[in-house]
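Visitor: Residues per chain, in single letters:
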Amino acid sequence: MIDSLVFLVISAVVIAGAVVVVMAERIFHAVLGLALALLGVAAVFVTLGAEFLAVIQVLVYAGGVVVLFLFATMLTKSDLQLRRPRGDELAPVSAVVFAIVALFYVASSGFAELGERGSVVGTVKNVGELIYDLNIYVLPFELVGLLLLAAMVGAIFLARKEVVK
Amino acid sequence: MVNEMLLQVLQGLIAVVAVILFLSLNVLFLTWMERKVIARIHVRYGPNRAGPYGLLQPIADMLKLLTKEDIVPEKADRLVYNLAPVVAFLFALMPAAAIGIGSGLIAADIGVGVLYIAAVASLSTLAVLMAAWGSNNKYSLLGGLRTAAQSLSYEIPLVLSMIGIVAIVGSLSTQDIVAAQSQAWFGIIPKWFIFYQPLAFIVFFTAVVAEMGRIPFDLPESESELVAGFHTEYSGMKFAMFMFAEYIHFVVGSALVVTLFLGGWHLPVISPLVAELGWVKYLVQVAIFVAKMYLVIFVLMWVRGTLTRTKVDHVLSYGWKGLLPLALANVVITGVVLSI
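Here the protein sequences come in this chain order: A and B.
According to my numbering, the residues represented by the first sequence are 1 to 165, in order.
According to my numbering, the residues represented by the second sequence are 1001 to 1340, in order.
Please note: incorrect hints may appear among the correct ones.
[Claimed, not checked] Pairs of lysine to any residue residues, derived as SDA-like cross-links and limited to a Cα-Cα distance of at most 25 angstroms, are as follows:
(1) Lys1075(B) - Arg26(A)
(2) Lys1036(B) - Ala1240(B)
(3) Lys161(A) - Tyr1318(B)
(4) Lys1191(B) - Ala1180(B)
Keep in mind the hints are simulated off the structure, nothing from the lab.
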């Protein structure tokens, strides 16, 4: 009982954050809403026993990505005129259509039952053994690392100023 | 069932109150100590009017701040502006939960302890950016930008320098890390990680000072260029909350240095003597921990009284070109030594 109550509260926070992201007039508020939603997702991870994932979520997304977003926002037009255009008359229509589709999906398939809570614990040890097990994920993991490195080198190449002779 | 739940909630509440009480008392004392120490270094007296040796100065300061007018700039983003000090205070408190001041004397012994501390400590940048943006002031904005750049740069060496210790201990929990430092060579020379990981200690200590935003890395609020940086527009209680959060960072950062590198609540000769003595043991442990913490704090104040502020571009290039390679080298060396 208490588990589902906690889950409901956290979900409400995540959804509120997501709504702020979509509805906020100022971009800075939207980014703060995103931070709220991401922290809420981290809390969901904690309730599911995936503590390592939760901490990484906070460290990388809330502490890193959101800060970079805010950084970028501050480098744009500095005053409060930075607002998104209003007047989208079709917005309520699309919301209603989405609600109907989502309701149909839920009604037809129902929610999948979650596994026994705590049966699989997302500790550092478990995650590490999975990643570095030669037979399971080590190759994909290393390849993703290589891909990210290539992306970073590419970004630096694009962003650097041309050296004038 | 209901009783058990109630007991759990009660335990949690007690832990939270204990952590806040411990931090508040230390913060109040620190504001006095910092002014006194800096004054001695400057060959001044420092506060000496309120109470013996000026010890009641923090209380006088608090009353003053409580009675000050609360000012909100006309063109501020009111919601963000008012929320920022609260968020700063909240995120400053969070890391303290995973730091123990005695064996078992910890609010939450989290399995991913040190990683949790690094993660929630990085969140306080959010509060600074909120204050900087919400104030709608150019000095605040510049201070906020500097904070973001600085904390992003120094977070990486900070986390990397902890990896060596984590690899030796084989656990991320702060309790396990301190327990691993309980032994001593010949009963006298302690087996603290400062001796196993001197390079990591230098990197970690420097990065912690940068994350706290203290001299020589106090660019976010360098008063000679930016008035007061991100909290230029704040007054009264909101300003007090920022100051409080800043001193909590100071306490937590010093406690983390003690936990990771200086053996936590262990001291050779004394610790084995009191190991069998019931509650006295805990009292001695807390005393040892607090004494070590104040040693670190004193060194940091000494640094503040001695060094000058670094230029902003130097701070960033030092972080990326100096500390990061050192931290990476430490990870590699530790890995090689451990696998031999």
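Visitor: Compare the structure with the hints numbered earlier in the document and write down the numbers of the violated ones, lowest to highest.
Guide: none
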